[in-house]
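Colleague: Chain residues, written in single-letter form:
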Amino acid sequence: MLTFSHLILGLFQALLLLAAAPLVSGLSRMIRAKLHTRHGPGLLQDYRDIAKLMTRQDLTPPDSGFAFRAMPAVMLTTVLVIAMGIPMLTRFTPVAPIGDLITIIYLFALARFFFSLSGIDSGSSFSGIGGSRELTMGVLVEPVMLLSLFVAALLAGSTNLGAIGTAIADGHVHSATATIVAALSFAYAIYIELGKLPYDMAEAEQELQEGPLTEYSGPSLALIKWAMALKQTVVVAWFVGVFLPFGSASGMTFFGLLFGLVAFAIKLVLIFAAVGVVENSVARVRFRLTPQHSWVGVGAASLAFVFYLVGL
Amino acid sequence: MIPLSLLIMSLLLSCGGAILCLLLKHREGDIRLGGSGVGIAAALAGLGAGLTAIGAGQPAVLDAAGPYPFAHFVLRLDPLAGLMIAVISLLSLVAWIYGFAYVREYAGRGVGAMGFFMNAFIASMMLVVAADNAFWFLIFFEMMSLASYFLVIFDQDDEAVGAGFLYFLVAHGGSVLIMAAFFLMANQAGSFDFAAFRAHPLPAPLDSVAFLLAFAGFGAKAGMIPLHIWLPRAHPAAPSHASALMSGVMIKIGVFGIVKVGIDLLGASAGPAMLGWGLLVLAFGAVSSVLGVVYALAEHDIKKLLAYHSVENIGIILLGVGTGMIGMALHQPVLAVLGLMAGLYHLLNHAVFKGLLFLGAGSTIFRMHTKDMEEMGGLARSMPWTALSFLVGALAISAIPPLNGFVSEWYTYQALFAAALDGTPLVKFAAPIAAVMLALTGALAVMCFVKAYGIMFAGAPRSRHAEEAREAPAAMVAGMAVLAVACVALGLLAPLVAPVMGRIAAATIGTAPVTLAVGTTLLPGDAQQATLSTPLIAILLIAMAFLPIALKAAFAAKRGGDRKVAAPWAAGYLPDHHMPASAGSFAQPIRMFFAPLYTMRRAIAGRWTGIALGFERVVTLARRTEPLADRSVIAPIAGAVDASGKWLQVIQAGDFRIYCLYIVAALIALLALAV
Chain A
0 MLTFSHLILG
10 LFQALLLLAA
20 APLVSGLSRM
30 IRAKLHTRHG
40 PGLLQDYRDI
50 AKLMTRQDLT
60 PPDSGFAFRA
70 MPAVMLTTVL
80 VIAMGIPMLT
90 RFTPVAPIGD
100 LITIIYLFAL
110 ARFFFSLSGI
120 DSGSSFSGIG
130 GSRELTMGVL
140 VEPVMLLSLF
150 VAALLAGSTN
160 LGAIGTAIAD
170 GHVHSATATI
180 VAALSFAYAI
190 YIELGKLPYD
200 MAEAEQELQE
210 GPLTEYSGPS
220 LALIKWAMAL
230 KQTVVVAWFV
240 GVFLPFGSAS
250 GMTFFGLLFG
260 LVAFAIKLVL
270 IFAAVGVVEN
280 SVARVRFRLT
290 PQHSWVGVGA
300 ASLAFVFYLV
310 GL
Chain B
0 MIPLSLLIMS
10 LLLSCGGAIL
20 CLLLKHREGD
30 IRLGGSGVGI
40 AAALAGLGAG
50 LTAIGAGQPA
60 VLDAAGPYPF
70 AHFVLRLDPL
80 AGLMIAVISL
90 LSLVAWIYGF
100 AYVREYAGRG
110 VGAMGFFMNA
120 FIASMMLVVA
130 ADNAFWFLIF
140 FEMMSLASYF
150 LVIFDQDDEA
160 VGAGFLYFLV
170 AHGGSVLIMA
180 AFFLMANQAG
190 SFDFAAFRAH
200 PLPAPLDSVA
210 FLLAFAGFGA
220 KAGMIPLHIW
230 LPRAHPAAPS
240 HASALMSGVM
250 IKIGVFGIVK
260 VGIDLLGASA
270 GPAMLGWGLL
280 VLAFGAVSSV
290 LGVVYALAEH
300 DIKKLLAYHS
310 VENIGIILLG
320 VGTGMIGMAL
330 HQPVLAVLGL
340 MAGLYHLLNH
350 AVFKGLLFLG
360 AGSTIFRMHT
370 KDMEEMGGLA
380 RSMPWTALSF
390 LVGALAISAI
400 PPLNGFVSEW
410 YTYQALFAAA
420 LDGTPLVKFA
430 APIAAVMLAL
440 TGALAVMCFV
450 KAYGIMFAGA
460 PRSRHAEEAR
470 EAPAAMVAGM
480 AVLAVACVAL
490 GLLAPLVAPV
500 MGRIAAATIG
510 TAPVTLAVGT
520 TLLPGDAQQA
530 TLSTPLIAIL
540 LIAMAFLPIA
550 LKAAFAAKRG
560 GDRKVAAPWA
570 AGYLPDHHMP
580 ASAGSFAQPI
590 RMFFAPLYTM
600 RRAIAGRWTG
610 IALGFERVVT
620 LARRTEPLAD
630 RSVIAPIAGA
640 VDASGKWLQV
650 IQAGDFRIYC
660 LYIVAALIAL
670 LALAV
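Protein chains in written order, with numbering that gives the first Met the number 0: chain A, 0 to 311; chain B, 0 to 674.
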């Protein structure tokens, strides 16, 4: 049952993640610079960027309307709400009525809806293409996410993310192979969702997944940059909470939560370091070939499903 | 007896309205006012009838002697019929409000006739769901098809007449199959009363035959793939408020028929074959939902796009109904109620948001005089209320939380999950696949409605008409507003609505209700499986929105004022109105998505080919497969009817002497028989 302290915990972890998100994206930039053997910006560069953009003028294209103006706030809000529903410091979901795998997937669709719509609304052709590509990526990864989580949920007997994580942490899933394959396919879907190379390139904003950002400036751009960093962190936390819940608190004790926080931070840093290495050692895949890759994800998720069916 | 008296009141008002519309056909101003007034009154009475029937414990039955001994005129208002009547009434209420202003578009082209057919259409739909006798059911089913046929051909142009003819054929082909199914049951029961059908169930192989006949017949009415071919042509041809009724309500009569035959009439006594029926419904639902939205994405005509989405949503409803039937077959009452309730909830939700979207499309067409989205653009500025309503509908149909479409899809997922958890091996295999299809459908629907809303309402105007557009008249906005509020309410108040849907499903199946909500939390029978709280999501979304607003405000003192720039960035070129995303270019990358789907299909057939040609192939494939049913099923029937008509012309020479000869011949033949 949802209690007040759970709600506070959810709020706390959402705000904590919001505060830490530029740090995580700063880490990614630092790793990239190291791998390129250049000096690169400091760890805190993204905080400085956001603070600077906040004081810049907000420019809007002439034909843009409500959707364009509302998008940064809608995006950040949605990702914050999602962050409340995902188990991070604890095994269980802080706000259980959000922490359902289907609800989380569809809340991401809310962010995606407005993100892409703002692309059309800006009236810029690059933004429109970016919006269309963002949605196409959604079409490609959502079924993979759903199937791999569905398999894990079937093994745990619940679609609540915390319940799945608890079952995995306690070893209550009777099909280890299926769990591992499901985790791999989910990790793959998550990786695509992160918008990193080889599927996307955050530096080349004009035509790719970040395309809808083309026309944004000033505080709006700052909010979106922040929301996107938060989204990347939340997406990784999603994977960690379901498939790598080891170390998180099973109750609401102070030291349990503290230990959970440390464990969560370590897992996050390790995963982003690994993602940084992968991202910088591959070349960009042509967008039109992305589906070929995403079929690997579908295949892996289906394999997990088959393993579940035969009980391996 | 309150529900029945209200229903009869509503029907009498509809009849009165129909006659009024015919009598006043030369005074169109009076028709608009009188017709809408009477229509609204009839709809309110119908809404009362439906809601009281849902609330009442026992079904209300009216048994009047008919003119024929085999055709008792029996009306029965059980909770399921109550739900259908409430849905029909809600949509007709809105259609009448909207129509008050909208029919001006048709001034001088027979507004009276339109009012007559609208009334007849609404009344016959109500009678179909209330009838408890197969004979009258078919009569009213025919009336419904005919009334809507005349609404489809209202424009009288080639497209409308062609679409109407196709619709006419499919509708009647369907009703012949339904008739055959009812005859099988009547043969066993010795009566045409549904009560007798329930009392004398068909034996084992025959019940499957009857179900398959009825499934095909009602499936054609519902527009499920591959029997959908008429739907994307007929619905766009009708006036928009009639399209809203057809897409929002009439195709649901098909689903109602499947539930009626599969669960109410045959389900209680069906043997193990019922598992097969459930899986069949599930499979058709999954295919319809994915292909419906795929075809929708390729459309530029907004009404066609919406019509294809009806095919998709019928698929989603069938997923729920199929899961319910599987639950019945497996003797798992919780699963059965969960599945059917998900289907019925989505039925209600789809009626509301599809009605809303069709009315929104109608408003833009009313101002733009085109159905082509590429001619619109930027309408959010000139038609803000229409845009807002359409956006609510678009979010709801894309199953975005916390709106109503999400709640019913969530229940559908949970029903599929429950089926996958405790089903037979075949069900365990099928249910997760259906869930993946639903996820795919959801992602594609988001894309489709970002495109629809974006191209129509966002960005810059794409034509001169779009620049000069004005907001739709107040009555039309009011009609849309009612449905937009309903979309929000059915989502946020889901903890109140879901248990009602659960009770309707439980009463239809004949089992105990299932716990579907505790306080503000929704749960699929078991809180361990999952929980959801749409009010909480709404509250958190609103509360969290203060954060970005506050962040922006905190720095406001330090920055210059906001301003509009001259033009969007266009790589240094002068931007023009051909540059922004168009309906075609926006959906184009979907070829990336479909190529592998079709490639996989070809790979299975042993012909693996590259992705590069994917899109062209998808298009050709889609073009080729879609009219397949058209060519191989509909065209021969149409040809045969045509030919037999020509043949019959031979005996109609037009000479009265020959007709006299016929009469004499007939008399002699009859006399000979009598002697």
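Keep in mind the hints are simulated off the structure, nothing from the lab. Take these hints with a grain of salt, some might be off.
[To be verified] Once the Cα atoms are required to be at most 30 Å apart in a straight line, the calculated BS3-like pairs of lysine-lysine come out as:
(1) K51(A) x K551(B)
(2) K51(A) x K33(A)
(3) K563(B) x K24(B)
(4) K370(B) x K427(B)
(5) K557(B) x K51(A)
(6) K303(B) x K51(A)
(7) K551(B) x K563(B)
[Said to hold, decoys possible] Quick partial rundown of chain B residues pointing at chain A, CB under 10 Å, derived from the structure:
(8) L168
(9) H171
(10) P400
(11) T519
(12) L546
(13) G559
(14) S581
(15) I657
[What the hints assert, rightly or not] Some chain A residues judged to face chain B by a derived CB distance under 7 Å, without partners named:
(16) G122
(17) H173
(18) S174
We treat Cβ as the ideally placed atom computed from N, Cα and C, and that holds for glycine.
Colleague: Can you name, in rising order, the numbers of the hints this structure does not satisfy?
Modeller: 3, 4, 6, 8, 9, 15, 17 and 18
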